[in-house]
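Chemist: Here are the chains, one letter per residue:
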Amino acid sequence: AQSVTQLGSHVSVSEGALVLLRCNYSSSVPPYLFWYVQYPNQGLQLLLKYTTGATLVKGINGFEAEFKKSETSFHLTKPSAHMSDAAEYFCAVTPGGYNKLIFGAGTRLAVHP
Amino acid sequence: DVKVTQSSRYLVKRTGEKVFLECVQDMDHENMFWYRQDPGLGLRLIYFSYDVKMKEKGDIPEGYSVSREKKERFSLILESASTNQTSMYLCASSPGLAEAYEQYFGPGTRLTVT
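For the protein sequence lines, the chains are A and B, in the order given.
Sequential numbering from 1 applies to the first sequence in this note's numbering.
Sequential numbering from 1 applies to the second sequence in this note's numbering.
In short, the hints are calculated from the structure, not lab data.
It is possible that some hints are incorrect.
Output of the computed footprint for chain A on chain B, the stretches with three or more beta carbons under 8 Å from beta carbons of chain A [claimed, not checked]:
| id | segment |
| --- | --- |
| 1 | 41–52 |
| 2 | 74–83 |
| 3 | 105–112 |
BS3-like, lysine-lysine: derived pairs with alpha carbons at most 27 Å apart [stated by the list, open to error]:
| id | chain 1 | residue 1 | chain 2 | residue 2 |
| --- | --- | --- | --- | --- |
| 4 | A | 49 | B | 57 |
| 5 | B | 3 | A | 58 |
| 6 | B | 57 | B | 18 |
| 7 | A | 49 | B | 18 |
| 8 | B | 70 | B | 3 |
| 9 | B | 13 | B | 57 |
| 10 | B | 55 | B | 70 |
| 11 | A | 49 | A | 69 |
| 12 | B | 70 | B | 53 |
Glycine included, C-beta positions come from ideal geometry on N, C-alpha and C.
I would like the entire structure built from these sequences, with the hints used as guidance.
Modeler: Put into structure tokens, the structure is as follows:
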């Protein structure tokens, strides 16, 4: 069965520092992978997705993620954190052939001055 | 922009009450979904619908039912609310069944059952 593991339920960085949020997946078929962000008291918003093609995917707000098949990973990065990046981030995978998302447990990102 | 709206942001109900959570999308999307979100568990799929009057169970359907009488509206029903159904409920929609489609989420309903 497909699953998603996000390493670290809480990550804290300084403003201007690198953001790295880790996501590993298991899938028996080529996966489609997503990162969503949830700001306080809001629903989820798509940051970026990998379907096919280029393995480095750029998203909104300066985020990017790289699909590494050999490592079954899809880590999210941003070179320089802003205070406005404080939110909860979810990695998700769709099992082959169906538009059903399987989510990781989420990582709450805190950004301090 | 796609807009998914949910009928209430906050809801407090008593144990045993019948609870209706309503979701409406305005982009003529085929698919609609109901999730519950709990700390440390991420989002878990309760039910989804790929067409009017069609529904499929998700990973945690027990204690819930759904209704989709019109394409734009998807309702989640708790027949007899229990305290373990206290949670955040998120509705989502997507254009079709292909796995590459993103899902668009509503703002959520925080339900407390006392």
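Chemist: Does each hint fit the structure? Answer for all of them.
Modeler: Comparing the hints with the structure gives:
no.: 1; hint: 41–52; in the structure: holds (count 6)
no.: 2; hint: 74–83; in the structure: violated (count 0)
no.: 3; hint: 105–112; in the structure: holds (count 4)
no.: 4; hint: A:49 x B:57; in the structure: holds, 25 Å
no.: 5; hint: B:3 x A:58; in the structure: holds, 24 Å
no.: 6; hint: B:57 x B:18; in the structure: holds, 20 Å
no.: 7; hint: A:49 x B:18; in the structure: violated, 38 Å
no.: 8; hint: B:70 x B:3; in the structure: holds, 16 Å
no.: 9; hint: B:13 x B:57; in the structure: holds, 24 Å
no.: 10; hint: B:55 x B:70; in the structure: holds, 13 Å
no.: 11; hint: A:49 x A:69; in the structure: holds, 15 Å
no.: 12; hint: B:70 x B:53; in the structure: holds, 8 Å
Hints 2 and 7 from the list above are not met by this structure, while the remaining hints are.
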